[in-house]
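Residue numbers for the sequence shown follow numbering that gives the first Met the number 0, beginning at 0 and rising by one.
You may find that some hints are simply not true.
Simulated restraints on C-beta separations [said to hold, decoys possible]:
| hint | residue 1 | residue 2 | range |
| --- | --- | --- | --- |
| 1 | 167 | 210 | 28 to 34 angstroms |
| 2 | 267 | 221 | 54 to 60 angstroms |
| 3 | 217 | 156 | 25 to 31 angstroms |
No wet-lab data here; the hints were simulated from the structure. Even glycine gets a Cβ: it sits at the ideal position worked out from N, Cα and C.
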Amino acid sequence: MSLRLRLFLVILPPLLVVSVLLGLWRFEEAQRTSEELFDRSLLAAALAISRDVAISGGDALSPSTRSFISDAGGGEVFYHVTGPAGIYVTGYAYPPRALENNAQDQPNYYIATYRGEEMRVLRMIEDRTIGNLSGETVVTVWQRMSDRQAFARELALRAFALMAGLMVTLALVIWFGVQIGLRPLNDLQQAIQQRSPDDLGGIRRSVPKEVSGIVSTLNRLFGQVRDNIEAHQTFISDAAHQLRNPVSALLAVAETLPNVTDETERAARQSELITAARNSARLTDQLLSLEQLRYDARLQVSRVDLSDITQEVCLGLAPTILSRNLDFAFEPGPEALPVDVDKVLVGEALTNLVENALRHGGSEMTRITVRTNLLGEEAAIEVQDDGEGIPLEQAEAAFRRFSQLHSGEGTGLGLAIVEQVMQRHTGTVRLCPVHKGTLIRLAFPLSSLER
């Protein structure tokens, strides 16, 4: 449904309801008005007849009064006059019978039947002297109710016709007014359609105040899309650069291997080939993990004890660390550490911390310690080594993608992945000061409610 039609349907129905209510009210007012007008015309006719009877001494009505009676209220008016002692004076015979006696000099209105038709009757009693007789003079005037109803219907139909004309006019005004009002939106749509796919700049055209929020949202969306595209392009460029060296090394070793005849050297080359392949595979896995953390919003969250996850990862890493003639220790805290985390991602982050220590700890490193503990309202994992260490002033550079503080093996992605994992879990990663080596702490919010 178009916005124009939607606005039309929102605005017009309430107006139609109001117009119907006004029409009903106007119909009731027309009936009341017609009754008042006809009752006044009956009273005026009765007063005119009473005057003529008094002036003429009971003779026929004057021509002016007859003309007035014939034109009163737009319908035929009947009348009957009796003098003192009930003597017939003038008018139609057998008037409608009065329902009750009314007070003198007070007009009495009532509904009666005359010749099979419903009539509105006015009966008025006055003291008059006709000739040598004095007494009560009764003037009865009546009119068909159908004439009154026809007049009321005519008034109501005029009112309904006026309301209908106003509603048709208003509907046209709304229909075309909405079209004119929506013209800035149509112009904005055409302007956006004419933009090239590569144009992600902000919309700068002037728009009404009501549309400015939409334009601001679109501009913000364009900016986010532009930033994401630039980030993807940067990532692809960095990934291609980082993959080129291990792939080249892998290819160089593979090309020289067929020409090696010495078994010892051949075994060494094969070992180098396997190491290069593992490094390439590890780099690819880290690249995929980093992108998944950046753009995949889904987390496989479950409630676990952080010490249990840490122990499981340490058991998997122990053979590699011990094969390097290093001491390796896991020191769990005494308290339970319930957290809501993605176990796979937390394991990846911990693995990257340990591997980073193995690669960059240096030849003087002798020990790696992993511990868990409770820090206020947070559960923490700490990975500490006694190697060369990372200076605190270089912490920002250490967590940057593809950044290495010292030349050597490694991809520069390990700590960047750790930082992304912690952001996804609303946790923090921090490089803590120690006397020797490196201490990196991962802090997760504790689970506050039991499932």
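Hint check:
1. 167 <-> 210: 28 to 34 angstroms: Roughly 30 angstroms apart at Cβ, these two residues keep to the hinted range, so it holds.
2. 267 <-> 221: 54 to 60 angstroms: Taking Cβ atoms as reference, residue 267 and residue 221 lie about 55 angstroms apart, which means the hint holds.
3. 217 <-> 156: 25 to 31 angstroms: violated (53 angstroms)
Of the numbered hints stated above, the single one contradicted by the structure is hint 3.
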